[in-house]
Amino acid sequence: MSTVTHTPGGLAGPDQTPPPTRTPASRAALGGGRAGARFFNGFSHLFLAVWAIMVVYPLLWVVMSALKTDAEVIRKPLSLIPERLQWDNFARAWTEGQIGSFFLNTVLVLTGSVFLTMLLGSMAAYVLARYEFRGNRLIYYMFLSGLTLPIYLAAVPLFKGVYNTGVVLPFLGPNSHFMLILVYVAWSLSFTVFFMHSFFRTLPNAIAEAGMVDGASHSRLFFSVMLPMARPGLISIGIFNVLGQWNQWYLPTLLMQSVAGEPKNQVISQGLIELSVNQGYRSDWSGLFAGVTMAMLPVLIVYIVFQRQVQSGLTAGVGK
Amino acid sequence: MRHGVARFVTGFLALPVGLYLFYVVWPFLQAAGYSLTDWGGYSDKQQFVGLDNYLRLFSDELIRKAFWHNVFFLITVPLFTIALALFLAFLLNVGGREDKAGIRGVFGSGLYKVIFFFPQVLSLVVIAVMWQQIYRADGQGLINGILMKIGLVGEDDPITFMHDPEPFLGVPAVLWWLLLIAVWSGAGFYMVLFSAAMQSIPKDVYEAAILDGAGRFHTFFRITLPLLRDTVSVAWVYLGFIALDMYALVFVMTPSQGGPNHASEIFASVLNFTAFQKGQFGYACAMGVALAIFTILLAALQLRITRRERIEY
Numbered sequence: 023m024s025t026v027t028h029t030p031g032g033l034a035g036p037d038q039t040p041p042p043t044r045t046p047a048s049r050a051a052l053g054g055g056r057a058g059a060r061f062f063n064g065f066s067h068l069f070l071a072v073w074a075i076m077v078v079y080p081l082l083w084v085v086m087s088a089l090k091t092d093a094e095v096i097r098k099p100l101s102l103i104p105e106r107l108q109w110d111n112f113a114r115a116w117t118e119g120q121i122g123s124f125f126l127n128t129v130l131v132l133t134g135s136v137f138l139t140m141l142l143g144s145m146a147a148y149v150l151a152r153y154e155f156r157g158n159r160l161i162y163y164m165f166l167s168g169l170t171l172p173i174y175l176a177a178v179p180l181f182k183g184v185y186n187t188g189v190v191l192p193f194l195g196p197n198s199h200f201m202l203i204l205v206y207v208a209w210s211l212s213f214t215v216f217f218m219h220s221f222f223r224t225l226p227n228a229i230a231e232a233g234m235v236d237g238a239s240h241s242r243l244f245f246s247v248m249l250p251m252a253r254p255g256l257i258s259i260g261i262f263n264v265l266g267q268w269n270q271w272y273l274p275t276l277l278m279q280s281v282a283g284e285p286k287n288q289v290i291s292q293g294l295i296e297l298s299v300n301q302g303y304r305s306d307w308s309g310l311f312a313g314v315t316m317a318m319l320p321v322l323i324v325y326i327v328f329q330r331q332v333q334s335g336l337t338a339g340v341g342k
Numbered sequence: 032m033r034h035g036v037a038r039f040v041t042g043f044l045a046l047p048v049g050l051y052l053f054y055v056v057w058p059f060l061q062a063a064g065y066s067l068t069d070w071g072g073y074s075d076k077q078q079f080v081g082l083d084n085y086l087r088l089f090s091d092e093l094i095r096k097a098f099w100h101n102v103f104f105l106i107t108v109p110l111f112t113i114a115l116a117l118f119l120a121f122l123l124n125v126g127g128r129e130d131k132a133g134i135r136g137v138f139g140s141g142l143y144k145v146i147f148f149f150p151q152v153l154s155l156v157v158i159a160v161m162w163q164q165i166y167r168a169d170g171q172g173l174i175n176g177i178l179m180k181i182g183l184v185g186e187d188d189p190i191t192f193m194h195d196p197e198p199f200l201g202v203p204a205v206l207w208w209l210l211l212i213a214v215w216s217g218a219g220f221y222m223v224l225f226s227a228a229m230q231s232i233p234k235d236v237y238e239a240a241i242l243d244g245a246g247r248f249h250t251f252f253r254i255t256l257p258l259l260r261d262t263v264s265v266a267w268v269y270l271g272f273i274a275l276d277m278y279a280l281v282f283v284m285t286p287s288q289g290g291p292n293h294a295s296e297i298f299a300s301v302l303n304f305t306a307f308q309k310g311q312f313g314y315a316c317a318m319g320v321a322l323a324i325f326t327i328l329l330a331a332l333q334l335r336i337t338r339r340e341r342i343e344y
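Protein chains in written order, with my numbering: chain X, 23 to 342; chain C, 32 to 344.
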């Protein structure tokens, strides 16, 4: 992939020819003319800059409002510079708003669910992609069908099923971390299997055969040869799953409701919804902004650090 | 050896298939079954009512409303998002200076791409809660605040956003405001997608066009856009799914989750209300099945319409 940026001095990458002077022939060919091109260039910058501001300004506004006092939020809602930085808004949202514990719950659930999704997903995809057996297609299409069906259809029986399981096995019942991990894994399998299936198909046969000749067992072949070779795919789908499960809100809202007396095991999305309702009643606007900021910043920072991988990882998901 | 393969295959498939069957397939099948009963959800009593629930769907005023709202999002979300994303990608990739090497991308396009992608990594709930504050119906909201400051909106006559059921172009205003959020959050992602597709078009195609005397607009509409057809149609299908999934925004942002006065009701909100507030699980399941059939038909239709011969390069 080549990027089409260029540096201000007119210096271009090694693959491009730098001279800015034009021959008459090319000038005629370019139509529009120099003034038109310059105008268009200016217009492009203007429009792109306006959209960039429309994206960044609201985010910045949320972060800055999180550092104001409530009175300031009401009196000077638009200002981006707080009179004094109110760090205790964050402390209040973290403890009173329970963002801290919601955060911990989310991290706990995601650690298990992303790991299991990747492991089970690539195991299933690998077997389906590279072994012939009866029922192979059936199982593959079963996984695929989950991509088109809306989650809301399953909501009622899923809720009932989890509730009933919880009567016998409480650790698999509603409001349990372990149950949520399994549900996340099950609902992420469709796409993970679909994605990794196409990936394992492209891996060369020769290496697998060489491994078998050397006496490696099937599972050893998978874990020490094929899985490492599928690394680029694993990274893409890993990023996809981390973001997807971090952002999940419907499943937890359905399944993680704590009845009176039970510990609150809710995840961050639910915590934010709750915060937006509660802080609204209490008019604790700065606390609300602090909560949103805390839910937003970690993901944004991870994205900025790994932007190249995240962008290609997520767009690869659509390209397939 | 053969025996070993069978054991290996079973061993690797058992857990994922088991989990998937229990938490995904089984609920779907049950939903289809419940949709034929009048089950209330909390008792064990249920009676087989045949297709009654489905017939009821057709005469349900609320469902009809929700259906048209879904259709609205289904058309507008992909349309506006793709148009804006294409326009941004166009500016980004051909808005730069021209020289002998052809038309360049705009200066700083890398930075723009990073920024435009921001909303994609934020969760819908974060976006919803954030926009709730942006859309506040008083001077404390970002938009109303700005408009009041420059005098476009009176102090006591703010835009009511989520509380505005008045139709605009025949569609409740609240839906247009929700649409704006969807476009805001989606455009960057699809711009990056289109941008990558544009850059994978070989340079000599453009060089040939420029030699033939085509300007940048010509080049874009005659060459780039047709070659992007595949990517655009995939994006359309994906955005269609997203449009069916506007529930997070409706759930967090609108009054009584579908209000005001049912102006922002969509399939998912009616389904959840019917199941968990009204306690009509059987009927809710029928809605779910109808939605599923609708989704699958739509996906098939879209794939059919957009399918065309691939251009290899």
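Warning: the hint list may mix true and false statements.
As the list claims (entries may be wrong) - The calculated DSBU-like cross-link candidates involving lysine-lysine, where the alpha carbons are at most 30 angstroms apart (straight line), are: (1) X/K182 - X/K98; (2) C/K76 - C/K309; (3) C/K309 - C/K96; (4) X/K182 - C/K96; (5) X/K286 - C/K309; (6) C/K180 - X/K98; (7) X/K182 - C/K180; (8) X/K286 - C/K180.
What the hints assert, rightly or not - Covered, in the sense of this in silico footprint (three residues per stretch, anywhere, with C-beta under 8 angstroms from a C-beta of chain C), are these stretches of chain X: (9) 66–78; (10) 114–127; (11) 168–179; (12) 191–198; (13) 202–211.
Keep in mind the hints are simulated off the structure, nothing from the lab. The beta carbon of each residue, even a glycine, is placed where N, CA and C say it ideally should be.
These are the hints, each one checked on the structure:
1. X/K182 - X/K98: violated, 48 angstroms
2. C/K76 - C/K309: holds, 16 angstroms
3. C/K309 - C/K96: Between C/K309 and C/K96 the Cα gap is close to 18 angstroms, so the pair holds against 30 angstroms.
4. X/K182 - C/K96: Holds: X/K182 and C/K96 sit about 29 angstroms apart, inside 30 angstroms.
5. X/K286 - C/K309: holds, 26 angstroms
6. C/K180 - X/K98: holds, 11 angstroms
7. X/K182 - C/K180: Distance of about 52 angstroms is beyond 30 angstroms: violated.
8. X/K286 - C/K180: Cα-Cα ~43 angstroms, so violated.
9. 66–78: Our answer is that it holds, as 9 residues pass the Cβ test (under 8 angstroms) against chain C, meeting three.
10. 114–127: violated (count 0)
11. 168–179: Our answer is that it holds, as 10 residues pass the Cβ test (under 8 angstroms) against chain C, meeting three.
12. 191–198: Three-residue rule not met by the stretch 191–198 of chain X, so violated; n is 0.
13. 202–211: It holds: at least three residues are needed, and the stretch 202–211 of chain X offers 6 whose Cβ sits within less than 8 angstroms of chain C.
Checked against the numbered hints above, the structure violates hints 1, 7, 8, 10, 12; every other hint is satisfied.
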